[in-house]
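Engineer: Read off the chains here:
Number of protein chains: 2
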Amino acid sequence: MEKVEQAFKELLKEQAAYREAIALTHWDMRTKIPKKGVQQRSEVVGFLAEKLHQLETSDKMKEYIDSLQHTDDELLKKIVDDCLETYERSRKIPTDEFKEYVMLQSQAESVWQDAREKADFSMFQPYLEKLVAFNKKFANYWGYEENIYDALLHNYEPGVTTKVLDEVFPKVRKSLTSLLKKIQNSSVTPEPSLLTVPFPKKDQEALSIEILKRMGYDFEAGRLDDTIHPFAISLNPNDVRITTRYDEKDFRMAVFGTIHEGGHALYEQNISEKLVNTPLATGTSMGIHESQSLFWENFLGRNEAFWNSHYDLFKKYAPKQFEKVSLEDFYQAVNEVKPSFIRIEADELTYCLHIMVRYELEKALINGEIEVKDLPQLWNEKMEEYLGITPPSDREGVLQDIHWAGGDFGYFPSYALGYMYAAQIHHSMNEELDVDKIISSGNYTDIKQWLSKNIHQYGKSKKPLEIINDVTNESLNPDYLINYLTEKYSNIYKF
Amino acid sequence: MEKVEQAFKELLKEQAAYREAIALTHWDMRTKIPKKGVQQRSEVVGFLAEKLHQLETSDKMKEYIDSLQHTDDELLKKIVDDCLETYERSRKIPTDEFKEYVMLQSQAESVWQDAREKADFSMFQPYLEKLVAFNKKFANYWGYEENIYDALLHNYEPGVTTKVLDEVFPKVRKSLTSLLKKIQNSSVTPEPSLLTVPFPKKDQEALSIEILKRMGYDFEAGRLDDTIHPFAISLNPNDVRITTRYDEKDFRMAVFGTIHEGGHALYEQNISEKLVNTPLATGTSMGIHESQSLFWENFLGRNEAFWNSHYDLFKKYAPKQFEKVSLEDFYQAVNEVKPSFIRIEADELTYCLHIMVRYELEKALINGEIEVKDLPQLWNEKMEEYLGITPPSDREGVLQDIHWAGGDFGYFPSYALGYMYAAQIHHSMNEELDVDKIISSGNYTDIKQWLSKNIHQYGKSKKPLEIINDVTNESLNPDYLINYLTEKYSNIYKF
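Note that the protein sequences, when read in sequence, are chains A and B.
What the first sequence shows, in the working numbering, is residues -2 to 492, in sequence order.
What the second sequence shows, in the working numbering, is residues -2 to 492, in sequence order.
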């Protein structure tokens, strides 16, 4: 048995080596690669991914799983279970269908880019129809209990089902739209133009690094680079890299973006050493990951206590014009709420409404209740209903996100779950720590340690809702987000 | 047959994918990796290298080689021959001995670092003894015709033998030592302190980039980064990266270093597309590679025509102090000849003498004519004999280079060959082109194209001496280097 365990761990180590090589390759492609190197590199990534896939679905892997499945070693059992799930889900898709799907994905992404530019949904429609058909087929291969969409949701947020979302989302939506109405009727009108003054890149970078260090991001186990689309990527817990984007006319892009990616990175940097070289050495779900980035971005970066105590720090790096901006005006401006068309530009309050639009549409698509051709109209209707605005074209509407073009159905809900998890985690943390006081102190070590102890260290060895239950003593509860937003925005908008 | 060829090419493509992943990994480790990521990464590199090695020595590979060895396709035949050589040389080393050797290498490198720091050869001696013993054993496995050292030389400069070197090197050495004597007796005394004025990094970088662009280095197929130890590395001909080092007190480090690495990179960038995804898509030998970097560094960068016509360009980027330095003083200063202890700091004339010391010692070691324990004394005696100076300690003597600690015996001669090849190539080029006129024009396209047409495009599909014969219509001939150095330095030192 010990020999089998040894061989199993060797196989896991090989997988981890491929994962690290793939992650490095991706990082390089997004940050450093010269233009002419891209084509050859894509083939290299494809090759490495195939090798990893072969190991994950190999007969040898199945042999080890069968031998070790009844082990008493709790951690080993979790690793074996994770490998089994990957093995089974991959094996359920016939190889030729999977190959066809991968080709479709890359064609669809390229057509989508064109269609978005031209605001022409009809170009993209036939590809999206095929992607939906594939996803329905795959969902049936994978199986589900109540709703076919659950089989897809499982890829991003295992344990969270349509039933859960259909209880939680409408409640959140109702509260958000009611809050939004009050905000729109408020006499307070934040002035975000105060913030868009020229702010040299090197000063934005210095400020971002200062905050990252205070957050406890370990620069000896990571680095910060410059990209168009900011991201965080883990090669392993000792090498977790982040990127940001500098807009010299709007510091918010880089500063809040860096804090957000820094939150993702802290999660990956603080996964227990015990999990390294196993498939559990990663965040447990998209939603929990997003809860970590949003925790730092909103509960620290857009928090009143933060700016009360850090406005001087900010002004140390910021251009002189900010001397004339009062703290109150500044704080209001960074928290302006305003319905907008583009999800990734949405504020903290309306963001979840963008998600609801997408969730309801993709669930209905996968369930065969609506057709792809009707998406643009349905999208615009829902935007009008939830946010009170109608996109001027499909470029600012149904064509804005890459997710569906990549076949990623079931992904969007994780973003909204991240907001709810973050608020719920923040509430529990506050019962043990005086969070605002720690933020005011300028040294956030206690916050980072609390998150690492309760969440980060476990990586993927706990399921998302297990984390939430263990940390907060209850299951997913949207009231914390609703209460937090109500309190925060009633203060800002004085209602 | 076509099917076998197809399968063979697929296998080559897999090897190329591993090579690119390994090259990227190395580049990242030397330029970007955070400190704590190094340990895990070393294991990833080891894993990828092992996978590549497995493919190169697989039974399947042997099968393809056997089937395709008598093909009429000239290029295919060369690829198959190269694969066969790799296969056979690897297979001749018993696996357990190779593993032991790899472990020894990494131990020895680490001990060597320590020993060098402490200037204590006795620490390193037992490791070097083992490394020599392994290399003798491997050389016997590989086989040779006349001298056991030839089997090692073959790893770096196939076709060049001890017999060749023993004809050429003494002749060069005699000329160099006689030139050196004349220089030391000259009344001309260059003043290199004129050059060591503060020169901001960003200006050095801009100047380096300007020269690289004029050389024809394609920034869309490469990039320039910052490191302690400058290098050039090819991921594939469309992604060839270089690094340089900026010393703000001495621009020569970055400017000549960048030109040197740019020369290596031009070679790799201009290898024919036909060779991509085969093992021939690389420089043919260490010596030919070095001929390319040295051609640009010396025949362009340290050339009188270059400075005559480019001194204004230089002053555009350089600090004001250079306004007061005359062109003549400047040109003399960048070409100062002065015996020194450290090979990598040696000037263009004395450099080859450093190589002769190493060549004679390592050849004698491998032939069992001297013992490891006697190296320090022998080293110092030869330094005194050829350069007229004795290192103050082994740190500046026998312990200065990493090559032997890595088991690289047979490597050093390539450096001196690179000088001779470069001079010989320069002579041939001058018969077709007016090289100095092209350099003076500031647009070096014709030079790059000549080198690409005659050398670069062939990659490893021609052997080193085949290249030299085809380009110069004769075999290796050291007279060109001797004549070039005599003419250049008799002008500078006026003898």
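To be clear, the hints were calculated from the coordinates, so they are not data collected in a lab.
Keep in mind it's a predicted model, so treat the numbers as computed, not measured.
A couple of the hints might just be wrong.
Copies of one chain are not kept apart here, so a pair can be met inside one copy or by any two copies together.
[To be verified] Here are the simulated PhoX-like cross-link-like pairs (lysine-lysine), alpha carbons at most 25 Å apart as the crow flies:
| id | residue 1 | residue 2 |
| --- | --- | --- |
| 1 | Lys491 | Lys0 |
| 2 | Lys75 | Lys370 |
| 3 | Lys210 | Lys160 |
| 4 | Lys6 | Lys48 |
| 5 | Lys33 | Lys450 |
| 6 | Lys198 | Lys29 |
Engineer: If the cutoff is 25 Å on CA atoms, where do Lys210 and Lys160 land: within, between, both or neither? Let me know, please.
Structural biologist: neither (41 Å within a copy, 61 Å between copies)
Engineer: Since the copies are identical, ignore which copy is meant and state whether Lys491 and Lys0 lie within 25 Å (CA to CA) inside a copy, between copies, both or neither.
Structural biologist: neither (67 Å within a copy, 76 Å between copies)
Engineer: At most 25 Å between C-alpha atoms: does Lys198 with Lys29 qualify within a copy, between copies, both, or neither?
Structural biologist: Both, since 19 Å and 21 Å are each at most 25 Å.
Engineer: Quick one: Lys6 to Lys48, C-alpha cut-off 25 Å, is that within a copy, between copies, both, or neither?
Structural biologist: Cα proximity of Lys6 and Lys48: in one copy and across copies (17 Å, 18 Å).
Engineer: Is it within, between, both or neither when you check Lys75 against Lys370 at 25 Å Cα-Cα?
Structural biologist: neither (43 Å within a copy, 56 Å between copies)
Engineer: My question is about Lys33 and Lys450: at a cut-off of 25 Å on alpha-carbon distance, are they close within one copy, between copies, both, or neither?
Structural biologist: This pair counts as between: shortest inter-copy Cα distance 21 Å, intra-copy 45 Å.
In the structure shown, a violation is registered for the earlier hints numbered 1, 2 and 3, in ascending order.
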